[in-house]
Amino acid sequence: MDYKYIEQLLERYFNAETSLEEESILRTFFSQTDVPAEMQQWRPLFTVEHTEELDDEFDARILEMISEEESHTVVARRVSLTQRLKPLFKAAAVVAIFLTIGGALQAPWDNSWNTPDDYAALQQQMDTINYTPVQAENMVTGAADSTSVMLKDHPKD
Amino acid sequence: MKKISFQADVLPLKNELFRLALRITLNHAEAEDVVQETMMKVWSRREQWEQLESIEAFCLTICRNLSLDKIRRMGNQTASLEPGQDPADRSYGANPEQQAEQRDRVSLVRKLIDQLPEKQRTAMQLRDIEGKSYKEIANIMDISEEQVKVNIFRARQTIKKEFKQQEEYGL
Numbered sequence: 001m002d003y004k005y006i007e008q009l010l011e012r013y014f015n016a017e018t019s020l021e022e023e024s025i026l027r028t029f030f031s032q033t034d035v036p037a038e039m040q041q042w043r044p045l046f047t048v049e050h051t052e053e054l055d056d057e058f059d060a061r062i063l064e065m066i067s068e069e070e071s072h073t074v075v076a077r078r079v080s081l082t083q084r085l086k087p088l089f090k091a092a093a094v095v096a097i098f099l100t101i102g103g104a105l106q107a108p109w110d111n112s113w114n115t116p117d118d119y120a121a122l123q124q125q126m127d128t129i130n131y132t133p134v135q136a137e138n139m140v141t142g143a144a145d146s147t148s149v150m151l152k153d154h155p156k157d
Numbered sequence: 158m159k160k161i162s163f164q165a166d167v168l169p170l171k172n173e174l175f176r177l178a179l180r181i182t183l184n185h186a187e188a189e190d191v192v193q194e195t196m197m198k199v200w201s202r203r204e205q206w207e208q209l210e211s212i213e214a215f216c217l218t219i220c221r222n223l224s225l226d227k228i229r230r231m232g233n234q235t236a237s238l239e240p241g242q243d244p245a246d247r248s249y250g251a252n253p254e255q256q257a258e259q260r261d262r263v264s265l266v267r268k269l270i271d272q273l274p275e276k277q278r279t280a281m282q283l284r285d286i287e288g289k290s291y292k293e294i295a296n297i298m299d300i301s302e303e304q305v306k307v308n309i310f311r312a313r314q315t316i317k318k319e320f321k322q323q324e325e326y327g328l
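Protein chains in written order, with the working numbering: chain Z, 1 to 157; chain R, 158 to 328.
Derived DSS-like pairs: lysine-lysine, alpha-carbon spacing no greater than 30 Å straight-line:
| id | chain 1 | residue 1 | chain 2 | residue 2 |
| --- | --- | --- | --- | --- |
| 1 | R | 198 | Z | 86 |
| 2 | Z | 4 | R | 318 |
| 3 | R | 276 | R | 227 |
Computed beta-carbon distance windows for the label pairs:
| id | chain 1 | residue 1 | chain 2 | residue 2 | range |
| --- | --- | --- | --- | --- | --- |
| 4 | R | 304 | Z | 84 | 41 to 51 Å |
| 5 | Z | 92 | R | 172 | 46 to 56 Å |
| 6 | R | 211 | Z | 25 | 24 to 34 Å |
| 7 | R | 307 | Z | 90 | 50 to 60 Å |
| 8 | Z | 33 | R | 229 | 39 to 49 Å |
Calculated directly from the structure, the hints in this document are not laboratory data. For glycine and all other residues, C-beta sits at the position ideal for the given N, C-alpha and C.
Next comes chain Z alone, as it looks inside the complex:
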């Protein structure tokens, strides 16, 4: 048998140029019994066996831990579903409170002038009225009186 090919493969193996297939060829080659003496030294490199193993006891332990963990998580998840909504409710409540307060605060502003022009117009209107404050007051009471007069219908003077 010609070992040139194997030697070549070995050389390429050490240069990390071999493919997985070529490495498996090397492994197969070295796993046979009649490896030539000059290559015997490399044999252990390719015949490392999978002796380091975990026993079935390990499987049993893992499966037990998992079933335990699963029973835990099922309970935990049921709680978390309701709990997950809780902060949402809280947030909604806070938002509602702020909206209410904000709305209440906004109301007086809505009833007032929005622009300086509105104010100026009102001011002008006020200026054109030639009543003194006292007259204005009397006028209001007069008006109120006239209403009562109209309603009750009893002449005063």
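Following the hints, position chain R against chain Z.
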């Protein structure tokens, strides 16, 4: 994508994970711990299984990270090689002397691999023992394929050199 079952797909990876953990931690008990933690972690992320490209690579990545955590935590406690874990000799017809030599050589390989820096060790383990492609190893170790190649190249060169040296001085 097929349904992944823990018992059929994840649990059988235990020996592969164990070997990787052992190669990194160099300690049987710690490696077993790591595999156990890996299993639990993989289980706790079972919602993600369906989105994974490879559950095996996923497990190996977790296993490697946990192993690295472990050795970091172990600090400078230099763990020695576990004795009595040498593989059985399969060289039929060899005389006891040759058998002994063969056994020494196999343990020498393991010893040499274990003396390499962690990255080279892991890369070599995944490549030469588990038969993974460069791409898979790169994925597991979270480095580029090029770096994987470099690590494996260095590892093999070191092993070759050490082997030659051992050959000269004799065992």
